[in-house]
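Build out the structure end to end from the sequences listed, making use of the hints.
Number of protein chains: 2
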Amino acid sequence: MSRKYAIGIDLGGTNLRVALVSEEGEIVRKIKKPSSAQILDSLTESIAEIKAEKVAGIGLGTAGLIDRKNGRVYASPNLHAVEGIDLSTELRRRFNVPVFIENDGNAAALGEKIGGAGKSFDSFVLLTLGTGIGGGIIHGGRLLKVASEIGHMSINSDAEKCPCGNVGCLENYASARAMIARAVAMIEKGTESLLKECCKGNIYKLSPEDIYKAALEGDTLSREILRDAGKYLGVGLANIINIMSPEAIILAGGLIGAWNIYVQEAIKEASRRAFKDLFDSVKILPSSLRDNAGVIGAACLVFLSLSGENLQRYHY
Amino acid sequence: MSRKYAIGIDLGGTNLRVALVSEEGEIVRKIKKPSSAQILDSLTESIAEIKAEKVAGIGLGTAGLIDRKNGRVYASPNLHAVEGIDLSTELRRRFNVPVFIENDGNAAALGEKIGGAGKSFDSFVLLTLGTGIGGGIIHGGRLLKVASEIGHMSINSDAEKCPCGNVGCLENYASARAMIARAVAMIEKGTESLLKECCKGNIYKLSPEDIYKAALEGDTLSREILRDAGKYLGVGLANIINIMSPEAIILAGGLIGAWNIYVQEAIKEASRRAFKDLFDSVKILPSSLRDNAGVIGAACLVFLSLSGENLQRYHY
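Protein sequence lines, in the order shown, are assigned to chains A and B. Heads up, the first sequence is in numbering that gives the first Met the number 0, so the first residue is 0 and it goes up one at a time. Heads up, the second sequence is in numbering that gives the first Met the number 0, so the first residue is 0 and it goes up one at a time.
If you are wondering where the hints come from, they were derived from the structure by calculation, not from laboratory data. For clarity, every value in this text was computed on a predicted model and none was experimentally measured. No false leads were slipped in.
Since the list gives no way to pick one copy over another, a pair counts as held whenever it fits inside one copy or between any two copies.
SDA-like mimics (lysine to any residue), calculated; alpha carbons at most 20 Å apart, straight line:
| # | residue 1 | residue 2 |
| --- | --- | --- |
| 1 | K160 | D227 |
| 2 | K144 | F120 |
| 3 | K275 | A74 |
| 4 | K267 | P162 |
| 5 | K275 | R71 |
| 6 | K230 | D157 |
| 7 | K230 | A158 |
| 8 | K32 | I46 |
| 9 | K230 | C161 |
| 10 | K275 | P162 |
| 11 | K267 | C161 |
This is the structure we're talking about:
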C-alpha cells in the first residue's frame, strides 16, 4: 500500500501554517505566512502549492469555538476572519476531499500525543501560551472533543472584564498580550525600564522576547511582569491539576521561551496551591513539536477519522 | 441467570450511606447514619446488616482524592477519618469480594448517568452542592477517572486562603459552609436579620434551610447571602462551560433546595460570563436520584468492572 498524506492547517495565531503531513506524522512540506482577512483564498492558494498528487483529506485547527455538529466555527475572538464562513464545506468543494475541523489547542494536543512530548502519557493537558492562552485535553489516550478554553477560565471573578464577556480570565493575566499591556501602561506612567530603549523607543512594538531579554539583563519592571504573569499561570495550572489530575501538563507557544522566569514561577505557585498528592504526580514539561504541533495534529484528524481506529491503536 | 447485587457505599457528607443495589440500579435496602471516626467498623456493621446471600462486590464512593493505583484515599480534607486507612483491602478481607473505590462526586455522576438525570446525555458535569462542593465529569458516556475537585478551583486568586492550601476556592464562596459562616459573621457584627430567631437564638446552629426559609420570608441578609453564593456558583459554572462545554450540568446536594434564589442567580451569572454559544447549548438541571446517586453509582462501579463492558454498552 502506498503512503498516505494529509493536509494539516493551523489557524491558531497571527500566522497561518499549512503542511503536507505523512501518515507517520512527518512534515513533507510546510508554508507559514501571516493570517489575512481573505482567509479562504489564502488557504486555497497554500494548499494548492503544497498538495501532493493525492491527499486523504484536510484537517483544520483554528482558534475559536467549534460547532462540531455542523463543522463550523461559532466564534473566534482572536481570529474574527474565520467566523461565519463555512470553511469546511468550502474547502471540501474546492479540493474534493474530506475536511475535519478542530480547535487549534485541541489539534496541538493531538499532535503532541501522536508524535511529541505527550507520546508516553495517557492523560495530559496542553496549554498554548502566546498572544492568548488556549488548551487541549487528552484523557485515556484520546482527545476530549470539548471547548477547552482554559484561557477563559476566570481566576479573579470580581476583576476587570475580558473581551470574551467573562471577568478576570487567566488570559488577562498570563498571556503575552497581558504582559505587553502591563509593560506599556507602566512605562506610560513613568516607570524606569530598559524596555524604553527597545524597538527604537517605540514601546507599542514591544514583544514578549524584549521583556524576557530585559529581564535577563536585570530590568526590574520586566522581571516583575514575567514573575506576576507566571504566578497567575500557576493559579491556572493548580485549577487544572485539581480538576483533571493529569499525568502531565505540556506547555507550548512562544512564551515558553521565558521558561526560566515565567514558567518556573508558575510551577512554584502551582506547587503551593494544588493538592499536594496531585501536584506530586504531574509532570510539567515543554512541547517538543513546538510550532509544528498544530499542523501535525490537524493532519492526524484526517488519518484517525479515516482509519476509524482510536488513537491508542493507531501507531505512528 | 440469577439477579446480581452489589453493595454501594457513599462516604460523601456528614452521613454515611450503605445500600444493597441490584444490577438494574434499584435500591433493595439502605442504611443511613452519621459518619463516625470508627469508619471501618461502622461500615462493616452496616454492610453485614443489609448484605444479601451473595453480592458481586462492594463499591465505595468517598470524599477526598483517590489514589487509583493503590485503591486508597490520598487526602480527604472534609472526612479525615478515611485518610491513611486501606479501606479497600480491609473490606475485601472482611467480606471476601472485590472492592472498588472512587471519589464521591464521581460516584454520584456515574449514578446519575446510569439511572438519573444524566441518562440521556453523552457528556455532563455533576456538582454536589452541600457543606463543601464536589464534582464528577461524564464524557463520551463514560466517567472520567480524574480528581474533579471543582470546589477547589480558585475563582479569586488573591483572596483568602482555603483549608485545602489553595486561595479563593469556589467552595469558600458558594457552599453551605461559606453561607453559614457569612451569616454568623454578619449577625455577630450586628446586622439585623430574621436568622437571629432561628435555632432558639443559637446562631451557631444555623443551617442552609434556615437561610432559605428566612429569604423566602423577605429577610434581606438571607437573600443577599443566597444571591452572592449563587453568583459565585455561576462563576464556577461559566468556567466549567468554557473548558468542558458539556451537554448538561447536573446540580445535586442539599443546596439545590434553594433553587429559586441560589441556583437561578448562578444560571444568570453563568449566562453573562460563559461563551454565548456554549451557554446556549448546555442544560442546567437538578439531580433526579438526589441522596441515592452516590450509592447507586458506587454499586455500578462493581457491575461495570465485573462486566468488563464500558458504560455505554451496559444497559440498566
